[in-house]
Amino acid sequence: MAEERRQKQCSVSLPTESMKAMAESVGVGQLQEESCAALSEEVSYRIKEIAQDALKFMRHGKRRKLTTNDIDNALKLKNVEPLYGFQSQEFIPFRFASGGGRELYFYEEKEVDLSDIINTPLPRVPLDVSLKAHWLSIEGVQPSIPENPPPAPKEQQKVESTEPLKVVKPGQEEEGTIQGKSQGATPADGKGKDKGLIRLKPRSTHELSVEQQLYYKEITEACVGSCEAKRAEALQSIATDPGLYQMLPRFSTFISEGVRVNVVQNNLALLIYLMRMVKALMDNPTLYLEKYLHELIPAVVTCIVSKQLCLRPDVDNHWALRDFAARLMAQSCKTFSTTTNNIQSRITKTFTKSWLDDKTQWTTRYGCIAGLAELGPDVIKTLILPRLTVEGARIKAVMEGPVVSNIDKIGADHVQSLLLKHCASVIAKIRPQPDNMEQYRTDYGYLGPMLCSHVMKARTQAALQAQQVNRTTLTITQPRPTLTVSQSGLSGSAGSRTPSIIKVPSSLTLMTPRPGTPSQPSPPATKYIVMATSAGASSTQQVFQDFHSVLHSSHPQGSLSLIGVTLNSMNLHLQPHRSLALFPAPLQPCSLW
Amino acid sequence: THDLILHGSCFPFLNLAHAHFIFKMAAVQGGLADTNEEKDIKTEPSSDGFGNNNANDGRVLSTSPGSSASAGINKSATGAPEDQQTLLAVLQFLRKNKLTESVEILRREAGLPEDSPELKGSDSSGAGSGGAAGSGDKEGGDASSLLSRVTISSSAVAQTSSVTAAGEDQPDVNVVLSAYNQQGDPPLYQVYYSGLKKFIESVLDCHRAELSQLFYPLFVHMYLELVYNNHESEAKAFFEKFSGDQECYYEDDLRVLSSLSKREHMRGNETLMDFRTSKFVLRISRDSYQLLKRHLQERQNNQIWNIIQEHLYIDIFDGMPRSKGQIDAMSGSLAGEGKREANKAKVYYGLLKEPEIELPLDDEDEEAENEEGKPKKKKPKKDSMGSKSKKQDPNAPSQTRIPLPELKDSDKLDKIMYMKEATKRIRLGPDNLPSICFYSFLNAYQGLTAVDFTDDSSLIAGGFADSTVRVWSVTPKKLRKVKSAADLNLIDKESDDVLERIMDEKTASESKILYGHSGPVYGISFSPDRNYLLSSSEDGTVRLWSLQTFTCLVGYKGHNYPVWDTHFSPHGYYFVSGGHDRVARLWATDHYQPLRMFSGHLADVTCTRFHPNSNYVATGSSDRTIRLWDVLNGNCVRIFTGHKGPIHALAFSPNGKFLASGATDGRVLLWDIGHGLMIGELKGHTDTIYSLRFSRDGEILASGSMDNTVRLWDAMKAFDDLETDDFTAATGHVHLQDNSQELLLGTYMSKSTPVIHLHFTRRNLLLATGAYNP
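If you're matching them up, the sequences are chains A and B in order. Residues 1234 to 1826 in this note's numbering are what the first sequence spells out, letter by letter. Residues 10 to 783 in this note's numbering are what the second sequence spells out, letter by letter.
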């Protein structure tokens, strides 16, 4: 590879057309090809030379970015007059023009009206240089203050979670953890050659400062509270704040516990809020979420496929939540799926399995299809399209058969529109024109004719878009998965649940126990959620357990005290609503889990 | 107006004049040169010589043709005329520019045109006698090493090559380049090279690493030869085929090389001129060398043999061949490793005896504080101990080796303050890391280029890309100017607090701006007595500012190109500067011309540092070497190679024994000055290291880098583990253990703020600075 690069270096030179264009610009026409070639080589060499000199100035200027001033100084070094006034406001100040079969980049020099300049108000004077002092380290420990970077950059978080084993001599673990606390200092174990070393996982303490505890409390309250403005702010903070690393385990548990409790309670609004928190966490570029997927993914999947997510399935728009969660799921598959954790294939399996089950309810069915569809056109092509006929028949049975229940009908209707929406665009791409109603009916059964019209619509739309792309340069409208609660009824009830102030424990010290010593018999985290009565659910439960076991391989089972704390707070949140929230066993279990 | 293409040709003349200059200086018996003395050396052509170079260029062109058209094994025949031609060219140039004095000196030294070996001999002897102790200065060093080389290898081959080497002391563009005249069939170059490659790859493992060192210099010279002879396509093919084989640390040079594809380009390219004029030094064991020689003779591979003879200096040693790791540790510089002889000179690295200052014991506050009187007792004891131990240091230079300024009363007061602070100093160590206070420059808009602290940490100065120098007071004491002359007339000169009265309270402020430079300020340094500030800039000047009046006192002109760094001597009065003209200069504040010129670096001098005893100066360069220069005679006494990128930071340990250096390659290397050896490598930084500093007692080394981190290293451990046996000292073979991780005590990340300066306060608090780049 290095060789390739060098070869490039060797051969890069300006095109002869540039020489011609430049010659023309100074009034020399009809430059011969050989002279152009000679000139371009010479010019390329000189430019490279100057660039190399300019690098020196960049280095001594203690910068990483080469500036126009560096070039000027390099020119001065060669006794060449610098290019005066070439201070670019924009990053690349070149304009592009084409015509007569030639493409040209040029530097736009506008004629400036002096009176305009005189009449414009003076720009604000830039702030003067000033000096500010802060502690970068106090006796070897970096204080966590705003002036210092967040304690653990993503890389380090990754290293900590993927290579947690450090060489520690027996009987020295204590020392190791103490040294580990001093930021970034690797446990300097001088006698590395000693025998009998044991690779131990360091006990990582997740101690939150008082500020962090307050922050955590404020954020979680705002996220599930009633004030939408506050919530937006809190989510913004989660999505951008670089210092959340320490609180991540707590957020993760908060979400997963919250989903468990609220699924059982059919509290759609809160589920939506929690999913938005997941989204915000995933948006934060500084967080290394891989460690907490075992908690987040089950929560998200629950929101996709749970049989019932709201109190009034016939009125409330729980479909939107399923769509949103499905999109989240697809996003996390894209970002986190690796060959070791196989998230995507396992998720796909989970969805397909329950979709194939005849007994699956329409709501769950909808969730499975949505989850699969969001995974991309390839998944749609291989998994959904072949089943369109079967699914069509099922829908037909509900739509045209004897009316069983209104809920089923609504469900079937939603599944139908979902299938049409996702399949049409894919079919439009893989199926050659023309679109024949009858052909569609034979291929796809009941849904065929409707698909046909959707496909045609999709085709015209695509053509229209292509035109637009051709005409204008590019307007990318990025669809952003957003979700706001649109139910009138529930938002009111959510409002009544304004969280009372929770007593913050003075110190939330959590020790994640080392794998070898399960000091506390932690019950499986799925305890509250898997209340399966139907036989079909057990299989999915298995998948769930599977998730836990795999994702836990590098991370110990959930920390009990943490769950305690969050549950406590959750409890407080929910108390006015239903006191039995934590013990949902007698209540109607969610169908799938 | 200067002709930009001619830099390459100018420097050699500069060297010559510089030699002449140094002889003069040495004749002043190491003392301070009088201004009178200096005035008659105004022929120093660094500035005035440039204007006439166009003429020189034309002349050179006419004298060049076919100077060494002959080719073949026996290069000695061509060596002599080449030499003479060089000399004649120099003479002609000097005469043309009416530098009669120089002409005479050169004549005298060279004698009349004789046989070239003699010529060389007289040259070196001239250098030896001219410089009082100057056996190792630029020319002299070359000559003496040549002589020693003859003694080392008695083989006839080496002798013949020593003859050709003589021509290179005063290289002239065309004479130099003409050595690249057609010497073989261009398409065969690839065959030659791959033949050698095959041979080296097939040789025994123990020799392979050593012989592999040949690849890079051979590659470069063969490529240049092709380019010089206008075989452009062959050159390109040759480059593409073999450039991938070269060690990765030569990548920067290869990039320069790759852009050079025409003969015309070679003329102006300084890097390449350096490559041609300075011999690439390789250290190879005798066994490996014999092996190579036999192979080349068997194969009649004259092409490669000629290059080895002409452009390479092979330093042959007896004993075991070195391993790949050992070679890699030392290689990487522009011109190979330093010769072993170059690091043999005695260096007085010990500290000077501290002047005896009586501590005022009548300090009432102190006594009131400590009823037991313990510290009071301790202090004098400690001082006496300190001075005693320093007396016995056999490695210290004599107190008067370099004339140092007398201590003023204020200096004595400061020394007393220093000692008081020193008693409160924290003992640092791996278990007791320093606190770091970070001074961020806000709103600097990428313009902060240099920073310095005063020794007592009361002032910070910053140099900026907008040509300004700013000084801040970091103590509550504001910066005050002396009143204007009119106001000074009014004050009562008899009063006791006259020193207070002359200060202008009205304009007191926390920071002052100094205007005067006309280009970015790249180097900045406070004088030890806090009365002056030095700044060096892109505009080619070094300026001395008064911190009493906050005005510029002197502009030192001499470097015609950007001055990258400057540093005050720890004893004041002297300072050193280094810049793009590859020369480091020693100045005294009261002389407008330099006292010494340290030339020898093959590329920009990027950083300069004074040894704690003021007798030596260390310079780091873009040629990836560090040199240590003797202030007394201007000799280069140490050449340290091993860095793989331009050096940007240097630091002497407080005891003067060790040197730490940091470069763009992100590594810190530790050097033992006394033995002239590399003793450690600290890996960890991921970007250029811009600052290095030892704690006051030398236990901790702090490094600051472009990667936004400050790292602390266990210097005690790095130096304690050291066991320099006689063998290592004699051969210069280093065994580095890879223990960076053990030595790293801490890494402290700043918030997108590159760390460009570090400073330990007298109580061992670490101060770091940088400009915040949001």
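By construction, these hints were calculated from the structure, which means they are not laboratory data. Fair warning: this is a prediction, and the values are worked out from it, not measured in the lab. Among the clues, some could well be false.
What the hints assert, rightly or not - Partner residues are not named here, just some residues of chain A that face chain B (Cβ under 8 Å, in silico):
#1 Glu-1380
#2 Glu-1444
#3 Gln-1700
To be verified - Here are the simulated DSS-like pairs of lysine-lysine, each with C-alpha atoms no more than 30 Å apart in a straight line:
#4 Lys-1309/A <-> Lys-105/B
#5 Lys-433/B <-> Lys-1365/A
#6 Lys-333/B <-> Lys-1309/A
Just so you know, even glycine gets a beta-carbon here, dropped at the ideal spot from N, CA and C.
Structure-based check of each hint:
1. Against a cut-off of 8 Å between C-beta atoms, the interface hint on Glu-1380/A holds, since the closest Cβ of chain B lies about 6 Å away.
2. Because the beta carbon of Glu-1444/A sits about 18 Å from the nearest beta carbon in chain B, more than 8 Å, this interface hint is broken.
3. Because the smallest distance between the Cβ of Gln-1700/A and any Cβ of chain B comes to about 42 Å, over 8 Å, the interface hint for this residue is violated.
4. Between Lys-1309/A and Lys-105/B the CA atoms are separated by roughly 28 Å; this keeps the pair inside 30 Å, and the hint holds.
5. The suggested pairing of Lys-433/B with Lys-1365/A holds, with an alpha-carbon distance near 26 Å, which does not exceed 30 Å.
6. Under the criterion of a C-alpha separation no larger than 30 Å, the hint pairing Lys-333/B with Lys-1309/A is inconsistent with the structure, at around 42 Å.
Going down the numbered hints, you'll see the structure goes against 2, 3 and 6, while the others check out.
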